[in-house]
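Colleague: For reference, the chains in residue letters:
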Amino acid sequence: MTDRLLVGTRKGLFILDRRSKRWEISATAFLGDPVSAVLADPRTGALHCALNLGHFGPKLRQSTDQGVSWQERETPTYPAQPVDSGDKPWKLVQIWCLEAGGDDEPGVLWAGTIPGGLFRSADGGTSWQLVHSLWGRPERRQWFGGGYDEPGIHSICVDPRDSRKIAVGVSCGGIWITLDGGNTWASRTTGMRAAYMPPEREFDPNIQDPHRIVQCRGATDVFWAQHHNGIFRSTDGCASWAEIKNVRPSSFGFALAVHPRDPNCAWFVPANKDECRVPVEGRLVVIRTRDGGQSFEVLDRGLPQTHAYDLVYRHGLDIDASGECLAMGSTTGALWISSNQGDSWECISTHLPPIYCVRFM
Amino acid sequence: MAYIIFTPNLQRHLSCPPLEVRGDTVHAVLEDAFAANPGLRRYILDDQGHLRKHVLVAVGGEIIADRINLSDPVAEGADVYVFQALSGG
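Line order of the protein sequences matches chains L and H.
The first sequence lines up with residues 160 to 520 when you count with my numbering.
The second sequence lines up with residues 245 to 333 when you count with my numbering.
It is worth saying that the hints were derived from the structure and are not from the lab.
Here a beta-carbon is modelled for each residue, glycine too, at the ideal position from N, C-alpha and C.
Mixed in with the good hints, there may be bad ones.
As the list claims (entries may be wrong) - Stretch-level coverage of chain H by chain L, calculated; a stretch enters the list once three of its residues show a Cβ under 8 Å from a Cβ in chain L:
1) 269-277
2) 282-290
3) 296-309
4) 326-332
Based on the provided sequences and hints, a complete structural model is requested.
Modeller: Pasting the structure below:
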């Protein structure tokens, strides 16, 4: 199992290590600064950390010594906006996710941003280029913000078998896939529905709000989505999505984790509903399916069961490469780790800053 | 010449000692400062070259009006302060 965890919060980065079976905070960085995304590049060992400085804007930092020291790297930058574009401002608001390219393309990194631009680096984050082929799609003008003023890319799934195949999730702009490394794109939301829109646009692919999408690394045709209106699953590489119904205690939430080898096994953290984003009846639970969503187990051992108001954001749940260890961080600054697939949870802290993202190394 | 001073809070992120700068507009003096210290640009200006939403610039004690083109005049010998706006938290 993994022995190191990165936790990005409203007020800094926390690095945790497992020592003698106990998880402890071993280092902090950027204390006081919002950390919006983290990545440990499995190919190089480099750490990448996205900051969102309240006054001075989004920034990127990189460490090549396991977080002992950090260096500033170029921040993705939108090109000059044509005066007559009629578009919303082409200005970087936030780096929302960072992902490594495939093993066959060392140096390639991807960054998903608000207001909806996908950026690619070919040199390990030294420089970034906007992916114009997606930004220039006319449908992109229909995207809108979900929780933020502007739309954003929060999920980037690079197919482990073929790094030219990439799926990205957009709130609110649906799911877009490329089969040729980003040269051409197609929308793939068939089966998803948006109850927050007029009936005429319920199935419009360009306004769907998948809060998070995750691909099973061992069965790459299988994707899971925690959507604003429920849980969906695709078994055909995003070509179609089936809604998982009758989920208790709720199918509303943001985060999900998928077992790295078993495509039928996934975890979610339900909240009450979209207009009341707290755990149902004040009981924080994780739900787990092992049968592709036909049934769910409610997992609550070690989690607060009275007056708990923790919400887990879309990057606040992660599973390690072994498929045994899960980490979960909440808006209330609580952090839990499970070493038995969620059967029980160990509380690491209840007084961290609000947690935006957790990620095993 | 004018004199440009940066908020100490920016020093957390990069070195930015006060500078003597040339120019008769905010745009000109900032460009002169960026020429001497290129890393400053993206902390002060956004992707489109506009003043960042939560950065405040004052010339001779007056908060500048033109945050887009940065055309406010800078008099000879003026002090130009770059602060963080409290709107940014």
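Colleague: Taking the hints in turn, state whether each one holds.
Modeller: Checked hints:
no.: 1; hint: 269-277; result: violated (count 0)
no.: 2; hint: 282-290; result: holds (count 5)
no.: 3; hint: 296-309; result: holds (count 3)
no.: 4; hint: 326-332; result: holds (count 3)
The structure shown violates just one earlier hint, number 1.
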